[in-house]
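S.K.: Sequence:
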Amino acid sequence: MHVLLETERLILRRFTAEDADLLFGLHNDPDVMQYINAGAPVSRQEVQGELSHFMSFYDRFDGYGFWAAVEKQSRRFIGWFHFRPGEGAGPLEPELGYRLHKFAWNQGYATEGSRALIDMGFERQGVERVTAETMAVHHSSRRVMEKAGLRLHRHFKTEWPVPIPGDEHGDVEYTLDRAQWASTRTQTE
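First residue of the sequence shown: 2, per the numbering used here; consecutive thereafter.
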């Protein structure tokens, strides 16, 4: 098992081909996928394509990609995080993302994993700025971004391939740059 990070309660490890069923279960929960594809079913073929895409990052970018999140105590797969160069951005401006099973919601796992990835990026990878995006109406995801230290940067409008309730309110981008991160670290030490 290739582990990227361990936190107090989580192991973030590389995905493997054997994780297809875990990913299929996560991506076929309508509540989990509400803000992604309006909860529509995802085929095994689509999941296999996503898994291949996830795994393709490991050889291209050291320390970046999609990471299976496993609860340390139970060894249960709870979802995934991504920390990877955003579209049109270089490796010093990665995008943060996460998708967790419902049973893991409201337990601080998304914040814990996000903070660990952000800290790793600034401490070990020379990151200059971290970004994250979500729908404006996705208040739970926005709260995770805020708790992880990111700040609202802008509102924008994206055309979704599938109409999703609330997409008429647009999207939001949160960011955290190196100076902001360093100042929050100094305040907590």
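Please note that the accuracy of each hint is not assured.
For lysine to aspartate or glutamate, the following DMTMM-like pairs were computed, each having C-alpha atoms within a straight-line distance of at most 20 Å [what the hints assert, rightly or not]:
{"hint": "1", "residue 1": "K158", "residue 2": "E113"}
{"hint": "2", "residue 1": "K103", "residue 2": "E169"}
{"hint": "3", "residue 1": "K158", "residue 2": "E134"}
{"hint": "4", "residue 1": "K73", "residue 2": "D60"}
{"hint": "5", "residue 1": "K148", "residue 2": "E113"}
Since the hints were derived computationally from the structure, they do not count as laboratory data.
S.K.: The structure should be examined with respect to each hint, and the outcome stated for every one.
M.R.: Results for each hint:
| no. | hint | in the structure |
| --- | --- | --- |
| 1 | K158 - E113 | 29 Å, violated |
| 2 | K103 - E169 | 25 Å, violated |
| 3 | K158 - E134 | 11 Å, holds |
| 4 | K73 - D60 | 26 Å, violated |
| 5 | K148 - E113 | 9 Å, holds |
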